[in-house]
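Can you make the complete structure from the sequences, with help from the hints?
Top to bottom, those sequences are chains A and B. Going by UniProt numbering, the letters in the first sequence line up with residues 1 to 712, in that order. Going by UniProt numbering, the letters in the second sequence line up with residues 1 to 712, in that order.
What the hints contain is simulated information worked out from the structure, not anything from laboratory work. Among the hints, a few may not be true.
Same chains, same label: a pair holds when it works inside one copy or across any pair of copies.
When the alpha-carbon atoms are kept at most 35 Å apart in a straight line, the in silico DSBU-like pairs for lysine-lysine are as follows [what the hints assert, rightly or not]: (1) K674 / K661; (2) K218 / K674; (3) K694 / K328; (4) K630 / K536; (5) K536 / K36; (6) K661 / K36; (7) K36 / K218; (8) K74 / K661; (9) K218 / K560; (10) K694 / K560; (11) K674 / K9; (12) K74 / K386.
If you want the building blocks of each chain, they are given just below.
Number of protein chains: 2
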Amino acid sequence: MPSPRFNRKYQDGQSIDWITEDAVERERNYAHRAQKSIRGLLSRWADSARIWTVIILTGMGIGTIGAWLDVLVKWLGDLREGVCSHGFFYNQVTCCSGVDPGEVCTNWQTWGEHFDIRFIFVESLMQSFIYILLGLIFAGSAAVLVTTYAPYAFHTGIPEIKAILGGYVLDAFLTPWTLLIKALGLALAVASGLSLGKEGPLVHVACCMAFSLSRLFKQFQHSEGQRRKLLAASAAAGISVAFGSPLGGVIFCLEELDTFASDAEVLWRGFVASAVAAVSLQYVDPFGTSKLVLFQVTNGSDTWRAFELIPWLGLGVIGGVLGSILIKLNVEAAIVRRTSVLNDWPILEVIGVSSITAAISYLIVFTRVQSSELVANLFQECDPSKGDYHGLCNPAAVWGNVFLLILTAIIKIGLTAWTFGMMIPAGIFLPTITIGACLGRAMGILTQSLQTSYPGAWLFLSCPPDPSVRCVSPGFYAVMGAAAMLAGVTRMTSEYSFNGSTLVLITFQLTGALSHVLPIMISVMTAKWVGDALGKDGIYSVWIAMRQYPWLPPVDYHDKGETAADVMRTAQHLTVIDEGELALNDLDGLLRDHAFHGFPVVKERELVGYVTRAKLRVIVDSFAADEMHKKCCFSNKNGTFNDDHVNLSSTLENSVIQLRKDVPLELVVRVFQKMNLRQILFTDAGKLVGMVTKTDVVALMTAHFTHTAALR
Amino acid sequence: MPSPRFNRKYQDGQSIDWITEDAVERERNYAHRAQKSIRGLLSRWADSARIWTVIILTGMGIGTIGAWLDVLVKWLGDLREGVCSHGFFYNQVTCCSGVDPGEVCTNWQTWGEHFDIRFIFVESLMQSFIYILLGLIFAGSAAVLVTTYAPYAFHTGIPEIKAILGGYVLDAFLTPWTLLIKALGLALAVASGLSLGKEGPLVHVACCMAFSLSRLFKQFQHSEGQRRKLLAASAAAGISVAFGSPLGGVIFCLEELDTFASDAEVLWRGFVASAVAAVSLQYVDPFGTSKLVLFQVTNGSDTWRAFELIPWLGLGVIGGVLGSILIKLNVEAAIVRRTSVLNDWPILEVIGVSSITAAISYLIVFTRVQSSELVANLFQECDPSKGDYHGLCNPAAVWGNVFLLILTAIIKIGLTAWTFGMMIPAGIFLPTITIGACLGRAMGILTQSLQTSYPGAWLFLSCPPDPSVRCVSPGFYAVMGAAAMLAGVTRMTSEYSFNGSTLVLITFQLTGALSHVLPIMISVMTAKWVGDALGKDGIYSVWIAMRQYPWLPPVDYHDKGETAADVMRTAQHLTVIDEGELALNDLDGLLRDHAFHGFPVVKERELVGYVTRAKLRVIVDSFAADEMHKKCCFSNKNGTFNDDHVNLSSTLENSVIQLRKDVPLELVVRVFQKMNLRQILFTDAGKLVGMVTKTDVVALMTAHFTHTAALR
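Structure follows, in structure tokens:
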């Protein structure tokens, strides 16, 4: 009988035992139900109230942080270009908020104006100098903060969160310090203009918040299972804020459902957390727009023509290929960073990359602005009444625009591959869709100019004959390209079979392109197909494998005829407890000599059960020294119980799964994936023949990847 | 080693053995891979090509059927009100297609005009008589078709499809006859004006189509597993067409994923099937609108105010309560129908209900039109430039409208409760959202009139001060009501934990109300909460329980401290094969005496393995008569193999899961749910102590429902 008296404190780096965790939670529920009085009811309510408190506070917190992060980033970003004469703490929008439309805002001054420099050349030199310098300072401060105070605040955080939700213990990853540094560092990193996004890190921040809040209550201290359910809900809240999509948060919870025993409960909490976070974000409403979604395309045409499938399939192929290339480059960059001298100078590396980024970005018009602004503009259709964004709509500059867009995409691929993994908070979502949107827009502009040049061609006969009516919508091509690139980088099958839907859904909600879901689906499908042909793993899987977290990817595994017997550690090589043979002090020695999580118990090679190290430790310690010579019995099989034996049958685990050794390997993997086990014992006609652990299965699943454990 | 030589033909009413089916498919893959020559490659391609052929043909087929069904229903529906002077086979739209906007269409004549009746009274009598008569004829013909040719074509079909996807065998449900009758009967039933929808039955039609196509290929004849994967994909295509939402189809596949071994494969096929079906529907494009979605609200305002949460929460509560009432009424109706004289007169029943429906419907303006038209109009905001739908926007008729809308909802609840279960094809989706939309609109009109009457009240201060600007959008309240009602009737947790998301998603895509996802989520959550408090099961679960299909609802089960030992059939009550004791002719007798699916094999009470009836049958039959006295051995445990024994060890199942009898019941249920097993064996230190089968678990899960097996 598992009970709280068994010490279940885990160390960082261990994996929790889900079956035990579930059992503890069940015990707790039984205990509550057994108390028939008001007190039992109250303690159940209190349990539930604490959970909801953490969830709602996390939702409100991450909504607020998300909102203020936007404000901070906007201000820091604007500061790189100029300053408000009313006070340096105003951003450009608030600085000019009192000005009538049409009037020139004189309060906002570029740095050149501010220092009253008259010479154009000096002014532009000054301008670019401050632009680059501030970028360096922001990026450098972020790197200093991360390396000094919270090394776990680097990177996106998603791989770790996946591993933690799966049962990995990494408390250092979720401290309040990490929360603070990640949020602050994220604002600095984004404002520095490096090629990174805020989406993944925001999810990490939400998880830190839930974890820190959960430490206030004793209830969660002894239940890693309950804690993980809280983390799942708060990750949903993070996604809800990062993408402005409460539905996206819920779907993320669905992805993680296999891990948890109580599906509906987790989903329901994720639902509430996402909703609360979205409402908080909307309530704080930093830009006064009261719109949740990040990018919105509303003026695209409602219909699409069959010939457009050709460029869209092309975008799918490009997304798949470039996604694979980006993943490969990123892995190479991570390995070079780890094995070279750069490993010792993380801050200098960040400053170096940031100066290169800033210098290049300042030269090209599309890279100078913040990525989110660029994407929003690329998603917009040309509308003469709204003005032309950097000449994108100029029909005379087709080739120039296409060249610039492709150049931007190539530069971004290189920069992103290096940036994603440096010692700063950095998400990969925004850079990915920026690359995709550039390529998509380029494709759209090309298709449009082809159509307007040859309106009578057979292909374009389905277009309206009136040349003033737009037939091809390049803005939508940008959406398409972004979706395809995202599919190529995060890859549906590798992450989870229905990351794909999340992807389509998020893209869809990001853009509001309701009538165009179908083409997006087709393009995403193509990208996935092409990408899978070039390598099965998405970017997060690759990072999990490189850091060797014990995480089972929920992908299909197909054996080639192997059975469990081919991978299991056979009984001869297992450390087992032989019932009736070992005395208590032998057990004590066993526990000292071996660090295993548990031991199978056998009697004359026949399997009796499985006992965990933790329970054994407690039981052995509970006996007096003069009893230590007594033999241990776990079952009363041959009626051998007598005064020379101690009965340890209560320590046996109830929930041990046994299979035959001839079972196909495929099925073994599936049992591990679906039931979230730590080990399976294999028997043949009652005799123990072997054991397979989660670690064995993880090794099996990552065997094809050459850089496994490269960043361990 | 399972191989195709074992007869795995299932009879209707049996459940398939997933583990065996998976094993067969694995064998097939091994065999293909083993053939290294071109031939092996070709046969793999051919396998895959056959699957894709069925999927793509099904997608195209269901898209086309869906499109033509709309045309047929429109024509039959119009025929009840009038006729085209050019020919009776035109519907109103095509009849008047040549007429300029503004001009009166004289080609389309009401029946009164057609027969040239001058007296208003006679004309309106004539009009209503034909309206009711044609309704009777349509409904009656549908009932005659169903009862005579394909009894399985009645009802929605969703409960059966869920059971079949879970492993139930019901080939009669998927014949080409059923396909034809269901499609034809559906058109007649919808046109008859009965309170039913076409969504569920369309999914059934799609499954019939895939099943019929699969029978053309030998590949699927021996693999019920492969067949079910095809059915899952085609069900997705059906949903894609029924709701105009390819994404909805994919999410349906996700719901069913737990059933299948190869998640990504099934999802991918569902993806393609949904996309092909949607493209086909759009290509055929019956109404020339080239829009996929059924209902679209685009002119609602972008923002909402906090005070609106009060009526919306109210709608959630109403949806939960009325949803529960509708389910209870429907169950009562089904039981009365089965136990009373009505059981013998199904056609008369349909005609009777249809005449009552037609008579009532003709009297009330909102019930006379087709439900889909009513819903589309209820979802529309009032717009002076677009005309007023039946006075809904008249501010002077608030109370009249509210009364009429509530009356309509009440009538629809009664009619739907009775109609859903009669011998005609009938879905429950459309009636449910109609009821919800009526109530929602009523709530919206009330809130709006309250706000316009007291614009200065504290609650309404967040509204714009200008009275000409609309603050409350009653059309969106209708969407909200529909979503809440749907949640109350189908209930998220009962169907599947994330039916909820499907629901929000479909509602969301149906209406395009992008900025309002959050309030819809809140309202759906409330409806689920309230509904669950009044009864845990959704409408489909209830029907599955009443017809006692062996289907495991994927809901959380919480035991009260019971273990497997409390529900298992103990070893003393099991029919087991005692190794070394039984001769071959004893086995023969065993197979004759018992109809069990398989038998555990023991030796001196110790578990040796599990053997299925089918394999045993084949093995026993393969021996000559003079060998029948030989003893059977399944293991060579004590080295007892000799000439007096036959070695049957190859018949043992490889994939048998063993657990300890002390395992909590909760975990047993979870293993069944996640691994889709037929049985689990329980052992204690190697000895067989009991067995639990899927049937036991289903009985456990439906124990709380009083009408289990009422319609068996």
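Structure-based check of each hint:
In the homo-oligomer, the alpha carbons of K674 and K661 lie at most 35 Å apart both inside one protomer (19 Å) and across protomers (21 Å), since each shortest distance falls under that limit. With identical chains, the CA atoms of K218 and K674 are at most 35 Å apart both within one copy (30 Å) and between copies (32 Å). Only within a single protomer do K694 and K328 lie at most 35 Å apart by alpha-carbon distance; the minimum there is 27 Å, versus 47 Å between protomers. Taking the shortest Cα distances, K630 and K536 never come within 35 Å of each other, neither inside one copy (55 Å) nor across copies (53 Å).
For the identical chains of this complex, K536 and K36 are inter-copy neighbours only, at 24 Å across copies versus 54 Å inside a copy, given an alpha-carbon limit of 35 Å. Taking the shortest alpha-carbon separations for K661 and K36, only the inter-copy value of 28 Å comes in at or below 35 Å, while the best intra-copy value is 47 Å. Taking CA atoms no more than 35 Å apart as the test, K36 paired with K218 passes inside one copy only; the shortest distance there is 23 Å, against 61 Å between copies. Taking identical chains as interchangeable, the C-alpha atoms of K74 and K661 are never at most 35 Å apart, the minima being 61 Å within one chain and 62 Å between chains.
For the identical chains of this complex, K218 and K560 are inter-copy neighbours only, at 24 Å across copies versus 49 Å inside a copy, given an alpha-carbon limit of 35 Å. Taking identical chains as interchangeable, the C-alpha atoms of K694 and K560 lie at most 35 Å apart whether they share a chain (20 Å) or sit on different chains (30 Å). Taking identical chains as interchangeable, the C-alpha atoms of K674 and K9 lie at most 35 Å apart whether they share a chain (25 Å) or sit on different chains (29 Å). Taking the shortest alpha-carbon separations for K74 and K386, only the intra-copy value of 23 Å comes in at or below 35 Å, while the best inter-copy value is 43 Å.
The structure fails hints 4, 8 (numbered hints given earlier, in ascending order).
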